[in-house]
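Asks: Residue-level listing of the chains:
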Amino acid sequence: MIRVALPHHLRTLAHVGKEVEIQVDGTVTLASVLDALEIQYPVLRGTIRDHGTHQRRPFIRFFACGQDLSQQPPDTPLPDAIVTGAEPFRIVGAMAGG
Amino acid sequence: MSGVRVLVGTHKGAFILTSTEKRKRWKISGPYFAGWEIYHVNGSPVDPNRLYASQTSGWFGQVIQRSNDGGQTWEAPGGEPEKMPDGMPRGQSNKFVYEGEVGTHQWYDGTQHPWEFKRVWQLKPSLTDPDTVYAGVEDAALFRSTDGGQTWHEFPGLRKAKGHLWQPGAGGMCLHTILLDPHNPDRIFVAISAAGAFRTDDGGQTWRPINNGLKSPYELPDSVAEVGHCVHNLAMHPSRPDVLFMQKHWDVMRSDNCGDVWHEVSGNLPTDFGFPIAVHAHEPDTIYVVPIKSDSEHYPPDGQLRVYRSRTGGNEWEALTKGLPQSDCYVNVLRSALAVDSLDSCGIYFGTTGGQVYASADSGDSWTAIARDLPAVLSVEVQTLP
Chain A
25 MIRVALPHHL RTLAHVGKEV EIQVDGTVTL ASVLDALEIQ YPVLRGTIRD
75 HGTHQRRPFI RFFACGQDLS QQPPDTPLPD AIVTGAEPFR IVGAMAGG
Chain B
4 MSGVRVLVGT HKGAFILTST EKRKRWKISG PYFAGWEIYH VNGSPVDPNR
54 LYASQTSGWF GQVIQRSNDG GQTWEAPGGE PEKMPDGMPR GQSNKFVYEG
104 EVGTHQWYDG TQHPWEFKRV WQLKPSLTDP DTVYAGVEDA ALFRSTDGGQ
154 TWHEFPGLRK AKGHLWQPGA GGMCLHTILL DPHNPDRIFV AISAAGAFRT
204 DDGGQTWRPI NNGLKSPYEL PDSVAEVGHC VHNLAMHPSR PDVLFMQKHW
254 DVMRSDNCGD VWHEVSGNLP TDFGFPIAVH AHEPDTIYVV PIKSDSEHYP
304 PDGQLRVYRS RTGGNEWEAL TKGLPQSDCY VNVLRSALAV DSLDSCGIYF
354 GTTGGQVYAS ADSGDSWTAI ARDLPAVLSV EVQTLP
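The listed protein sequences derive, respectively, from chains A and B. Heads up: the first sequence begins at 25 in this note's numbering, then just goes up one per residue. Heads up: the second sequence begins at 4 in this note's numbering, then just goes up one per residue.
No lab work stands behind these hints, which were simulated from the structure alone. From the three backbone atoms N, C-alpha and C, an ideal C-beta is built for every residue, glycine too. Any given hint could turn out to be false.
[Claimed, not checked] Here are the simulated EDC-like pairs of lysine to aspartate or glutamate, each with C-alpha atoms no more than 16 Å apart in a straight line:
| no. | chain 1 | residue 1 | chain 2 | residue 2 |
| --- | --- | --- | --- | --- |
| 1 | B | K98 | B | D112 |
| 2 | B | K98 | B | E157 |
| 3 | B | K218 | B | D263 |
| 4 | B | K98 | A | D74 |
| 5 | B | K98 | B | E119 |
| 6 | B | K121 | A | D99 |
[As the list claims (entries may be wrong)] Which residues of chain A face chain B? A few of them, derived with a C-beta cut under 7 Å, are:
| no. | residue |
| --- | --- |
| 7 | H33 |
| 8 | T71 |
| 9 | F83 |
| 10 | P97 |
| 11 | P98 |
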């Protein structure tokens, strides 16, 4: 199982705890993790990436094993530690504002 | 015993204020959706326990919430997964996609800019069906859901009403007002900043601008242009839907023919700038505005918070001050933050950017703060409960 850590507001929206576990079939990539997450929690559609283009929303960041993968292509494979569940894939609401 | 439920949207969540028909003691529930901007909460006229809320965030986008118990519990329609026979997920919520070619509108610098969905400003439940609800959105367009807020479809004909000439106001290019004609189900009025007012007479298929008579010499190169006016709010009395009232950026306006022609009724107002406008529940010619100093200050003149009432359908206005702060008050009252109840003695309610919600149980003669320290209020709606 893949562990996904969500930001506070998305946890309350999806009525889940700090992390959720999702099943990903095939290669574990940025896109396949987000696809699986949205299948399990449709309420999160549009909150992390655009409904139509699937582009990451501007103030959302993706981290895996201390690496910022936010700018990587959707088919980027995730590290083994994410695939095995040793580490969570982190979706973060970027600090922004004023 | 009947009662009143006040639905308050704020910058940091929604609140629900309830009272008996006496409107003396108020219970405040919330915050709901804490930390999110709640642009609008509104209830179905045919099922008062069916509420809709627009929950939005610069980080996480747009979420539609629905309640079936008067706001005690909420769900995002379509937010739960549905298992389909083919294994593909069906769950869908919060999806607002413009129909057909997206097209462009005028940008601040005069260039053309593609339509981009940002948020829902107004939710207007149908007058006859609790599962049907209209949504006015930014960038300006009108959507409708007929399945309780789960799926949404645009009325693209609206953007064909010279949409390429519409432009964002300071608050964005938003469709902020929707009026449904109770006598004619095919007629809908909407208002857009900064494009103007529009009307459909065929259930939303085709639309036309209804801005004849508006004058915007400070905002438009052509002061009487067919579109481009910064209309802030519209109001009608349900018994007389041919008569419309408008708070424009500057000027309070009235039309007696469904918006075909407007004439100014600002009369003796201290300033004719403002955001909201509302009509008394039982007196179709009694209207309310909150004059605001502008162009840049956006607080009450002289630091005195005054609602103005006209009992003559405009032109002759009286200041309503009893119970409202008359010194050092520098809040604003936004376009969707003024509403009325329909009890025998009509109640008037408004919220401020300072987090106060004021109520009057006597048509505006006297006021009481029924909430004082909420986040900045974006919208106020009122339900009169049986």
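Asks: Compare the structure with each hint and give your call.
Replies: Hint check:
At roughly 30 Å between alpha-carbon atoms, K98 (chain B) and D112 (chain B) are farther apart than 16 Å, so this suggested pair is violated. Between K98 (chain B) and E157 (chain B), the direct Cα distance comes to roughly 11 Å. Compliance with the 16 Å bound is thereby established for this hinted pair. At most 16 Å may separate the alpha-carbon atoms for a hinted pair to count; K218 (chain B) and D263 (chain B) meet this at roughly 14 Å. The straight-line distance between the Cα atoms of K98 (chain B) and D74 (chain A) is roughly 9 Å, inside the 16 Å bound, and the hint therefore holds.
Of the pairs offered as hints, the one joining K98 (chain B) and E119 (chain B) holds, with about 13 Å between alpha carbons and a cut-off of 16 Å not exceeded. Distance restraint check for K121 (chain B) and D99 (chain A): the Cα-Cα separation of roughly 27 Å exceeds the 16 Å cut-off, and the hinted pair is therefore not satisfied. Using the Cβ-Cβ criterion of 7 Å, the hint placing H33 (chain A) at the interface with chain B is satisfied: the shortest such distance is roughly 6 Å. Contact between T71 (chain A) and chain B, as hinted, is supported at the beta carbon level, the nearest pair being about 4 Å apart and thus within 7 Å.
A hinted interface residue such as F83 (chain A) counts as satisfied when its beta carbon comes closer than 7 Å to some beta carbon of chain B; here the least separation is about 4 Å, so the hint holds. With a cut of 7 Å, the hint placing P97 (chain A) at the interface with chain B is violated, because the nearest CB-to-CB distance is about 22 Å. This hint is violated: P98 (chain A) has a C-beta 18 Å from the nearest C-beta of chain B, more than the 7 Å allowed.
Of the numbered hints stated above, those contradicted by the structure are hints 1, 6, 10, 11, listed in ascending order.
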